[in-house]
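S.K.: Read off the chains here:
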Amino acid sequence: MTRNPQPLPPSSPIAPLVPPLCQLRQVSKVYPMGEVQVQALRSVSLDLYEGEFVVFLGASGSGNSTLLNILGSLDVPTSGEVWFRTWNLTQANDAGLTLFRRRYVGFVFQFYNLIPSLTARENVALVTETAAHPMPPQEALALVGLADRRDHFPAQLSGGGNNSGWRSPAPRI
Amino acid sequence: MAIARAQNLKVFITVLILFACIITFSMVYNSGRMALTERSRELASLRIMGFTQGEVSTILLGEQAIVTLAASPSGILIGIGFSALMARAYDSELCRLPLVFTNATYVVTIAGVLLAALLAGSLIRYQLDRLDLIAVLKTRE
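Top line first, the protein sequences correspond to chains R and W. Sequential numbering from 1 applies to the first sequence in our numbering. Sequential numbering from 174 applies to the second sequence in our numbering.
To be clear, the hints were calculated from the coordinates, so they are not data collected in a lab. Don't take every hint at face value.
So the derived list for chain W, only partly shown, Cβ under 7 Å to chain R, looks like this [claimed, not checked]:
| no. | residue |
| --- | --- |
| 1 | Ile196 |
| 2 | Ser218 |
| 3 | Met222 |
| 4 | Thr225 |
| 5 | Gly227 |
| 6 | Arg303 |
| 7 | Leu306 |
Derived coverage of chain R by chain W (criterion: at least 3 residues anywhere in the stretch with Cβ under 8 Å from a Cβ of chain W; other residues may be distant) [as the list claims (entries may be wrong)]:
| no. | segment |
| --- | --- |
| 8 | 24–37 |
| 9 | 123–137 |
Beta carbons are placed, not taken as given, at the ideal position from N, Cα and C, and that holds for glycine.
Next comes chain R alone, as it looks inside the complex (with noise of 0.2 Å):
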C-alpha cells in the first residue's frame, strides 16, 4: 500500500497550511530517439496547492511541454511519482487518466482544437455534458462573453472567441 509523500519544505515563509493539490517526486522524463536518449526532465520535485496560480517558464525545449503533458496525465513519466490528492496517477492505467482529466484537468488549446461542424453552444455543451455537475452552455458561453455568439460556427467566432478557454468544465489543474 503506497502513501502520499510528504510535502515538501515550504520555499516561502508562509506555510501553506492545506496538503497539496498535486505532488510531483522525483518525476524523469527520457525519450528514446534511436540511440540517442533525450532527457526532457531530470528528477522534478514539486508540489502544487489549490488555489494557486502557477506559472512555468524556461526556454524552449527545457521540458515545459512534457511537465504540463505529465501533470494534465496525457503523458506518464519514465521514473518518479505523480500523485493528485490520494491518487497515484503514475499507477493508473489509461481508463483511469482518461477519468483525471475529465473531472479534474482544463486545457485551453493553442490551436483551439474546436469541432468546426458544431456551433459554439454545441462545442461547450460536449464538455459540459460530461461534468459531473454541468454549467449550462449558455451559462458558460456568457461568462467568456460569447452568449450572443452560441449559434455560430468556430469559423465565424474571431481568433479570440475561438480560444477563450471556453471548454474546461470543472478543472482543478
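On the provided structure of chain R, position chain W as indicated by the hints.
M.R.: Chain W only, in chain R's frame:
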C-alpha cells in the same frame, strides 16, 4: 459434361463471393479509415478533454454503422439488378442461369456485410485507441 459444367459454375460463384467479400471489406474499411484520418484531430481533442476510448469509438464507429445499415437496402437492390443483368447476359441457346433469390441469399448477403463491417470496425478501433494525443496539442488545423 453437365457435372463438369456445374463444378465450374461452383468455382466461379465461389470466386465471385470471395471478391464480393473483399470489396465489401475494402469499402467499409476505406470509408472508416478516411473518416478517422479526417477527424483524428477532433477525436484526439475529445480524448484529451476526458472522453473515454469507448465514447470516441462510438462517435466514429456509430456513424460508420449507420452508413453501412443505411446503404444495405440500396446495395441489395443494386445487387438484384446486377444479378438480373448477368443472368440475361448468360442467357443463350446452350445454357440459361435462372434468377433465383431465396431468404438464405439475403441472410448470407447481410451477414457477409455485417461481418466485413465488424472486421473493418475492429481495425479502425485498434487505430483509434492509439491516437497520439500530444501531437494534437502541437499541430495546427
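S.K.: Take the hints in turn and mark each one as holding or not.
M.R.: Each hint, compared with the structure:
1. Ile196: Since the shortest Cβ distance to chain R is 30 Å, the answer is violated.
2. Ser218: 4 Å, holds
3. Met222: 6 Å, holds
4. Thr225: Status holds, d = 5 Å.
5. Gly227: Hint violated; glycine 227(W) Cβ to chain R Cβ min 9 Å, cut 7 Å.
6. Arg303: Not OK, violated: arginine 303(W) not within 7 Å of chain R, min 11 Å.
7. Leu306: Hint holds; leucine 306(W) Cβ to chain R Cβ min 5 Å, cut 7 Å.
8. 24–37: It is violated, with 0 qualifying residues against the three required.
9. 123–137: The restraint on the segment 123–137 of chain R holds, since 3 of its residues have a Cβ under 8 Å from chain W and three suffice.
The structure fails hints 1, 5, 6, 8 (numbered hints given earlier, in ascending order).
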